[in-house]
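Protein chains in written order, with the working numbering: chain Z, 1 to 362; chain U, 1 to 362; chain A, 1 to 362; chain X, 1 to 362.
Derived by calculation from the structure, the hints in this document are not laboratory data.
Be careful, since some hints might not be right.
[Claimed, not checked] Here are the simulated DSS-like pairs of lysine-lysine, each with C-alpha atoms no more than 25 Å apart in a straight line:
no., chain 1, residue 1, chain 2, residue 2
1, Z, LYS217, A, LYS62
2, Z, LYS130, Z, LYS76
3, U, LYS217, X, LYS275
4, A, LYS166, Z, LYS217
[What the hints assert, rightly or not] So, partial list: chain X residues that the calculated Cβ filter (under 8 Å) puts toward chain U:
no., residue
5, ALA133
6, SER208
7, SER215
8, GLU225
9, VAL283
10, LEU285
[Claimed, not checked] Pulled from the structure, derived: some chain A residues nowhere near chain U, Cβ distances all over 10 Å:
no., residue
11, ARG44
12, ASP59
13, ARG74
14, PHE141
15, ARG165
16, GLU225
17, HIS279
18, GLU305
19, SER308
20, SER323
Glycine residues also receive a C-beta, built at the ideal position from the N, C-alpha and C atoms.
There are 4 protein chains.
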Amino acid sequence: MKAITAAESFSTAGKHEASSRVVRVAVAGATGYAGLELLRLLARHPQARVTHLLSSGRDGKKEFPIEDSHPSLRGKFSAPCQPLSVEALPPSEVDMVFLATPHQTALEIAPRLLERNLRVVDLSAAFRLKDAAAYPRWYGFEHDAPAELEEAVYGLTELNAEDIRKARLVANPGCYATSVILALAPAVERGLLDINAGVISDSKSGASGAGRGVSEKLHFVEVNENCRAYGLFNHRHVPEMLQALNLAEKDFTFTPHLLPITRGILSTIYVRLAKSHTHEEVVALYNDFYAGAPFVRVLGSGVPEIQSVAQTNFTDIGFSLNSDGVRMIIVSALDNLTKGAAGQAIQNMNLMYGFAEGTALT
Amino acid sequence: MKAITAAESFSTAGKHEASSRVVRVAVAGATGYAGLELLRLLARHPQARVTHLLSSGRDGKKEFPIEDSHPSLRGKFSAPCQPLSVEALPPSEVDMVFLATPHQTALEIAPRLLERNLRVVDLSAAFRLKDAAAYPRWYGFEHDAPAELEEAVYGLTELNAEDIRKARLVANPGCYATSVILALAPAVERGLLDINAGVISDSKSGASGAGRGVSEKLHFVEVNENCRAYGLFNHRHVPEMLQALNLAEKDFTFTPHLLPITRGILSTIYVRLAKSHTHEEVVALYNDFYAGAPFVRVLGSGVPEIQSVAQTNFTDIGFSLNSDGVRMIIVSALDNLTKGAAGQAIQNMNLMYGFAEGTALT
Amino acid sequence: MKAITAAESFSTAGKHEASSRVVRVAVAGATGYAGLELLRLLARHPQARVTHLLSSGRDGKKEFPIEDSHPSLRGKFSAPCQPLSVEALPPSEVDMVFLATPHQTALEIAPRLLERNLRVVDLSAAFRLKDAAAYPRWYGFEHDAPAELEEAVYGLTELNAEDIRKARLVANPGCYATSVILALAPAVERGLLDINAGVISDSKSGASGAGRGVSEKLHFVEVNENCRAYGLFNHRHVPEMLQALNLAEKDFTFTPHLLPITRGILSTIYVRLAKSHTHEEVVALYNDFYAGAPFVRVLGSGVPEIQSVAQTNFTDIGFSLNSDGVRMIIVSALDNLTKGAAGQAIQNMNLMYGFAEGTALT
Amino acid sequence: MKAITAAESFSTAGKHEASSRVVRVAVAGATGYAGLELLRLLARHPQARVTHLLSSGRDGKKEFPIEDSHPSLRGKFSAPCQPLSVEALPPSEVDMVFLATPHQTALEIAPRLLERNLRVVDLSAAFRLKDAAAYPRWYGFEHDAPAELEEAVYGLTELNAEDIRKARLVANPGCYATSVILALAPAVERGLLDINAGVISDSKSGASGAGRGVSEKLHFVEVNENCRAYGLFNHRHVPEMLQALNLAEKDFTFTPHLLPITRGILSTIYVRLAKSHTHEEVVALYNDFYAGAPFVRVLGSGVPEIQSVAQTNFTDIGFSLNSDGVRMIIVSALDNLTKGAAGQAIQNMNLMYGFAEGTALT
């Protein structure tokens, strides 16, 4: 367990100021890649104390040291990884829970955690889509927690900060969705685009985005020296993007690709502007939109690339306009495990508990 | 030198049938990656004999064993690599020359080789664009060989086979251009597309496509665990594509990306059809168009990926249609060093000399 | 099925000369990586015709086109992949069988194939160790086919060519074993080494050496940007090496490592010479030993590396001597799927049927 | 420039306690990979303020924003990168200098910085070897600063902490040297080894260890899908290792290899023990030796691998003993840019200024 001494937990810390408070967090799904990244970041968070590690087991064991799963964490957490259950998380010991579990596990457990007055940041998709009826089509299961779905705040930090601060349940966005929504939101909201001409995002992701579950498609030999498109016209992150950007399915095409890298997403987005603009005008509009957002970097020149954001919580966004000033390519880059998952989850936690937004993330 | 005994050269082999003839070839630019691939393939070509290896030098040496540059060729070619000059290629010893040199070297030397009655397959861009006036914009030099430009045949084998057979000078297509043109030609020529809606190719290439010249941008550490777009709205292969497909610049967007792999190009191409079609109709149209083309594989289902074509001369093409039957994604995959360069060059040679089209390539 | 017309099979071709004969081969374990490499090489072998593809199934299907497993083979083999059984291989249709199956499958099936007068090249370890009693320790099963074990010829082509020509059952060597044995055999057999000082091989292999079976350890994210040692003092290829080199376990240390590449093995081998030698003397001794071996390249200078042998059947061997002329490092490089598995298997087939040793391999 | 407000610099902070002090640091060689890692770590160091960035220029420019060289640092440092000179570093503005420059640049400039009462951590080899006469052989230049060589403290933090605290000039160890010395020091110092039997380190490093200078050997295509040994019996880090471990050249063999990864070194070290030991005894001895060393993790079981230490300042060390208890393999893993360069440099700075040893490193 992280060696933080003399720290009072949140539930009893009402009279302390924010900077001295410590939130006690549990990480469910600790053995996955998002779980690892959560733990890596939480280990350096001065106001978070990891109290519980939970998972569905490993190598047939139900309880084991987390370093059996993540050797890089050797020596950092002494608590064992335990089976996930609501009972394992007494409110007297925990303030909030990160769910980095399968969708249906999150769907089942999140409402019960809320009942116990625990706050939840859910990294699965279980509470992302406001329309419960969309779940059977996109995720293959019926959604049976409509009240919590209604309550959940979509945790795209740059767009929903105010609601996130007060939220009990934050639906942490998908990695591709974060990449595309951040790149398009200013243009869409400020009416820059000719939407009818269509919006196309050709996105490329590293293999950690597919999670740690084994499959032939993720075998080293199959991914290495390869690149492939998948989920054509049919990827699960599409409804999230449409919902956040208020776009119609007929106007939006999203194609994900698997890259032979571990971390990172690059989205190359093709749009037409409603009228001709200069590069400077577009940059200015984005800079204005993201003023005060510490983790979006709008590039005044050049094109974002994955290496510039890998292992960071930044999203870089850049632009190229054709000489007509109408055809535009927006390129965004982020790290799928950080801003695309665990980093944004902690950014959400920071907002929820009044910590500085970038704590543990810069 | 390749140990082929008792073979007569082409210039004196008029009375032999094709299968017993041997063409004597020189490879200029032997130390590059396209040069290596040419040599690798020629070493197993039963009707080609490599007589001369030429380069601009290496490590300050003008003459050296080719294995100093390409250790994998150890023991395969005994002739030394020599400085490139027309004089080094007497017509009594050589029938044809592959130019895998910089554009301007090819521009200067190809006409002089033709004068000597040598046939030329030029892997540079020096003779690809029919409009000489396009060279200053796209390549930064004036084109001063208009007659040869007029004469040159664009060596996209599947489109121009008849002209290639008779050609003295073949302009071997660019790697990206091959990837995009093969994917679009049937749809364009058969009027399948709504061109006004725009055609977008988001293409991804391995690092060998950038050649062997050293630069920080190609340093292992810069390419590895990265992906980046470049040449936005401004890549040199665009005019080739427009010319071959008879498209206008305003309707076509091409974005190349650098992948952390050695070989391969994947193009994800976004189009709208003029009217609704089924997947089967599109597949049938492409199969019809490429009937008899041994190196294009039209996929009846599934999506092409780089691994399926790496180290081969194949181009795989597949399709995904949206439920409206109008929005379509075409995906093509090829190996930039084989079908995108040296393989296609040899395919061209095979046509020029009446060899079976797939000799040394299957 | 490969379109080879007008070819007679071996069993009835007694009166034909070797060059016109065609051997009919079955490939069992066709869906693995060694299976793919066998098929890729056999597709270009003018004297082999693949008649049967066998596997234990894929995605729950028992019979399926091989391109479902290996898209790169699209269009090359029309025969479906079928369940492996002796009955599926009638001697009237097949002459020989490549077994690229699990060890115990090979152990069970090989004797029954021999009974039917089929010849077998077994790529598993089932018949490599002459001492049946070694199997429980190293492979975890009892060996119940001692007669066939006795009969089997260890298919290290450069060492056992004469026996291989006559063999009915060839035990194709392990990939690491080939790498180490070829590097050490001349030094050991010619008495060059001070064996008592110990022989250490630090070997590094690409991930295809571990096969296609999925496991977390072979997940892209676990292998990429990593290198790890495994099997310390305890790797299964050790007894093969000891047996072939006639070394005692106490004098030999072998450590395999997993590299983040697909193909290739590099072995860095540390020895002491019995007395001082020059580099030239060592090179001369190795050249003499491997005179006539078309797939071993002894380097007169420089150090072998994986790229020089990838996708080839070559083993490159080089040397560095300390200034004392006594401490020596031998470096060998080969492609684990070619010379380390399928290539050597075909080299063995070529010897067994009197074909040129390098057919389909150069 | 890093936005640290209200911090007093060291030179005037005598009466403050350590935790409130801020040291003003310059980074010379800021455009290289070690420079980038220094800046990345310093950006999160609460007690260091980067005041000057220095380099030999970039793209012909002498002064430029550091993000032109390292886009990932976008927005983190406002000071421009300037030409390196002693005059550019007035003692009124700087307390210490990290030299991540070529050896001879460091040799020339370090003495002049010391004259100005600046403290120096030199990441080059200019002050590592106590014997000035060794420089011509290993580094190809005469050493003309014997007094500073005498004064310099070898900055292997775990071995020399006391001297480092007081040092004005710290010679930061080489990356391979750190990997090997940490793995062997306990065994050597406690007399565990039979040195006469020889010590062999087979080490493997990622490509960032070779620096950012361009060369064909570091071109992506040459490194990718490859592994090669180099510097056999002749690597520059050998004399450092011999000096630190008090070994004779005749007893020690070191072979570096280039891995197709960006970061990390794995050393597989072969030794014989003077007498038989158990695994537990060895682990206990190492644990005792490294008690209190926060960045060495001695593994009680398992084998270190690169991923467990990448992007961290840890060195992991593990052991495997043969059944005789005499032959032993020690495996160590570290990140060549962190513990092998910039991380250790900052660890040294932390000691020099009385900061907590792990500041900015955990």
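So, going through the hints one by one against the coordinates:
Distance check on the hinted pair: LYS217(Z) and LYS62(A) sit about 20 Å apart at the alpha-carbon level, within 25 Å; holds. Straight-line distance between C-alpha atoms of LYS130(Z) and LYS76(Z) comes to about 38 Å, which puts the hinted pair past the 25 Å bound. Distance check on the hinted pair: LYS217(U) and LYS275(X) sit about 52 Å apart at the alpha-carbon level, beyond 25 Å; violated. Proximity of LYS166(A) to LYS217(Z) is assessed by CA-CA distance (about 42 Å); at most 25 Å being required, the pair is judged violated.
Checking ALA133(X) against chain U: minimum C-beta separation of about 31 Å lies over 8 Å; hint violated. Hint status for SER208(X) relative to chain U: holds, with the closest Cβ pair at about 5 Å, below 8 Å. Among the interface hints, the one on SER215(X) holds; its C-beta lies about 6 Å from the nearest C-beta in chain U, closer than the 8 Å criterion. With its C-beta approaching chain U no nearer than about 6 Å, GLU225(X) sits inside the 8 Å limit, and its interface hint holds.
Here the hint on VAL283(X) is broken, as its CB sits about 34 Å from the closest CB of chain U, past 8 Å. Proximity of LEU285(X) to chain U is violated relative to the hint, the smallest CB-CB distance being about 37 Å (cut-off 8 Å). Its beta-carbon lying about 7 Å from the closest one in chain U, ARG44(A) breaks the requirement of being farther than 10 Å from that chain. Non-interface status of ASP59(A) relative to chain U is upheld: no Cβ of that chain comes within 10 Å, the nearest being about 13 Å off.
Not every C-beta of chain U lies more than 10 Å from that of ARG74(A), the closest at about 5 Å, which undercuts listing it as non-interface. The Cβ of PHE141(A) lies farther than 10 Å from every Cβ of chain U, with a closest approach of about 34 Å, so its non-interface assignment holds. With a closest Cβ-Cβ approach of about 24 Å to chain U, ARG165(A) is found to remain outside the 10 Å limit, as its non-interface label requires. Non-interface status of GLU225(A) relative to chain U is broken: a Cβ of that chain comes within 10 Å, the nearest being about 7 Å off.
Residue placement check: HIS279(A) keeps its beta carbon more than 10 Å from all beta carbons of chain U (closest about 18 Å). For GLU305(A), the shortest C-beta to C-beta distance to chain U comes to about 7 Å, within the 10 Å cut-off, and the non-interface label is violated. A beta-carbon of chain U comes within 10 Å of the beta-carbon of SER308(A); the shortest separation is about 4 Å. Annotated as non-interface, SER323(A) keeps its C-beta farther than 10 Å from every C-beta of chain U; the closest such distance is 26 Å.
Hint check: violations occur at hints 2, 3, 4, 5, 9, 10, 11, 13, 16, 18 and 19; the rest are consistent with the structure.
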